[in-house]
Amino acid sequence: METVRLAFKAMATRFEFMLLGDDPVHLRAAAEEAMREVQRVERNCNFYAKSSELSRINREAAQSPVRLSGLMLRLLSASEDLFHETSGLFDPSVAPALASWGLRHQTDSGRIPRPDQLQTLIKQIGLDGLSLDRSNRTIRFNKPGLQLDLGGIAKGWALDEARMVLEESGIERALLHGGTSTAVTIGSDAEDVPWKIGVEDPYLTARSKDEDASEERAWIATIPLRGGAMSVSGVQGKSFIRDDGTETIEYGHIIHPRTGRAVSGPRLSLVVGESATACDAWSTALLAAPEQDPPVRIQGTAFLKTDSGWIQTAGRVPETWLDRPASAPSP
Amino acid sequence: MGTLAGVLAAGQRIPAEAAALSSSFKDEPFPCAVIGFGEWGREIAAAIDDIEELELSVICDNFPLMLRRAQRAHPQAARVGDYREVLDNPDISAVFIATATHDHKEVVLDALQAGKHVYCEAPLANNIDDAREIARAGMAATDQVFQTGMLYRTEPQYRSVFGFIRSGAIGRPAMSRSQWHQKTSWRRSSSSAERARALNWRLDKDLSLGLIGEIGIQQIDVTSWVLGQRPKAVSGFGGIMFWDDGRTVKDTIQAIIEYPGGENMMYDATLVSGFDAAYDLLFGNDATIILRDEKAWMFKEVDAPMLGWEVYARKDKFYKETGIALLANATQLDALGQDPAEDDPNAKPPIWHALKAFADNLIYGPFPAVSDAQLGYESTVVAIKANEAVQNNTRVEIPNELYTL
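Keeping their order, the protein sequence lines are chains P and E.
Just so it is clear: in the first sequence, position 316 is 790 by this note's numbering, and no numbers are missing.
Just so it is clear: in the second sequence, position 384 is 398 by this note's numbering, and no numbers are missing.
Any given hint could be a false lead.
[Claimed, not checked] EDC-like, lysine to aspartate or glutamate: derived pairs with alpha carbons at most 20 Å apart:
no.: 1; chain 1: E; residue 1: 197; chain 2: P; residue 2: 490
no.: 2; chain 1: P; residue 1: 483; chain 2: E; residue 2: 290
no.: 3; chain 1: P; residue 1: 524; chain 2: E; residue 2: 357
no.: 4; chain 1: E; residue 1: 362; chain 2: P; residue 2: 534
No lab work stands behind these hints, which were simulated from the structure alone.
So that you can see chain P by itself, here it is in the shape it has in the complex:
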């Protein structure tokens, strides 16, 4: 069996496709077609490129309805559905809050908005403040200051589109990931066993490196996937730390849509399911979910990792997935 790998940059991260099959020429051609699907999604959904379709929506939808491409209509429809499924915890309208928290650009150093600024932000957030007309293919913003950022779902969506293209091309075994945080698979690996994806605990890894105890990564789970998808979200990565003398808090790039506050860590959520789109959005939503009352309507298996241990939020997490056993939610 032959293996073909294709890596490329998109959505400010690195995508990598690994395809298995008998004909490497066919595998390469299929991988390139899948790559073009990801690039197409990126071109339409780029928040930063002023000429992208998303930027045009953000500029014009408050004035009048904006006609949508088929791709954007499907993606916004999925976003709206997931907004309702997650009880509003996944909300792609948190874009203005990210800027206020100084978490928009990689070069931003982060800042805590004043309470009055937070009050203004909360009024701007909310996907219920837009009208998506699915039959006429238009979108209209009804709330002042509303801005969409599809960063919490576009990667998963692009991977689902890529998987569909590969399946249409007859590919039977593949692993695709975007930035190592969202992955989808087709079939199983070369040994006919599920693809295995390790999940790293960023805090344990960082701690062990700080203490110079070990350079080894701290794997906290190994997820078997056979045709499924998964996504991991964490506070770390794009974040900043503030110490007010009594406690040290890390603020991450996930905004709680109801409070307008940046989610603080350490927290890591992991969602396993059929759709990378849903996994991507749900893993973002879970970071904002209350520990004691997580949403349960998720299609798939999900759990949240905090300093107090694993908290299973939905589905049944097989113990064999976890390198350390899951615990019940903290009292």
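Could you slot chain E onto chain P? The hints should help.
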């Protein structure tokens, strides 16, 4: 709907009475169809979706998989497998033909016969006889819009640079150099081996005009346009340097295109390396202009005369050179309070401008398109002869009479 100002900006030649007639035009968008939903057909369909004067009503492809993709991308459009269904549909007024090059002729001739307005991708055909037949039919259809796919003729930045050079800004044109580099197999995939063979016509030297004919045709046209000349000969080289997968079309090519005025254009294209992507360089004794990503910069010689405005223009460093940014719509951007150095929020790809020009012609025309039958034919002749030179590693002359329709 389109405005006359927009038409003028796209460089259309409009009959004087067009403005007076404009009030009688209908407000509904023109229902149109895309025939051929491969990679380029998808780009055309996406551009149509972004032009309010056009309504993508039907997508046609004889491959069911492509129609499934069409359904996902354009759920509002009907889908058919036989282009004759499109031509029999009285509601469709215009068709955009993006089938394989060697399949253009039958579809274009039938579409014109059916009274449809036609946009035909370039090259028109993979042989001179078919190209001539297509162009003659397009020229004869005086009551219909017929536009060929020479993209840069309607692209604002290229149009701006064209006028700039014609006004003498680079002095005496000396030579040009263009490249197109992309790391890709150029191969399409299908679960069916038979379908894969059909989809990969680009890799078959008996059907395809290769990199210089399918890609280079656009860049060679830029030099021909700027010089106001048609190539008289092409020397070609190349080989299969990396993608040795059974294809018969070269994956890396070089060519020198000779013009009657003595200028030469150097061209290279490869599927092996993506380094430095694609650009066009136009050299003169006073300045050199580079066009890339629909942006342009001018590099002046030390002894070049002052143009006046360049003192105030934005300048960008390129290693040890300083480029003066040439912006097609700098004045408008300034008026809108936008920084010309930033990404232009109204930027559109060249295909969008080409289709917008077509749409404006539907509204105000028909009048001869900027990229008309003659231009499409001449460009196709160059593509065919250049490919012949590349495939045989030889020099091929293009007699002037070959350009006559």
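> Among the hints numbered above, which are violated by the structure, and what are their numbers in rising order?
Replying inline: none
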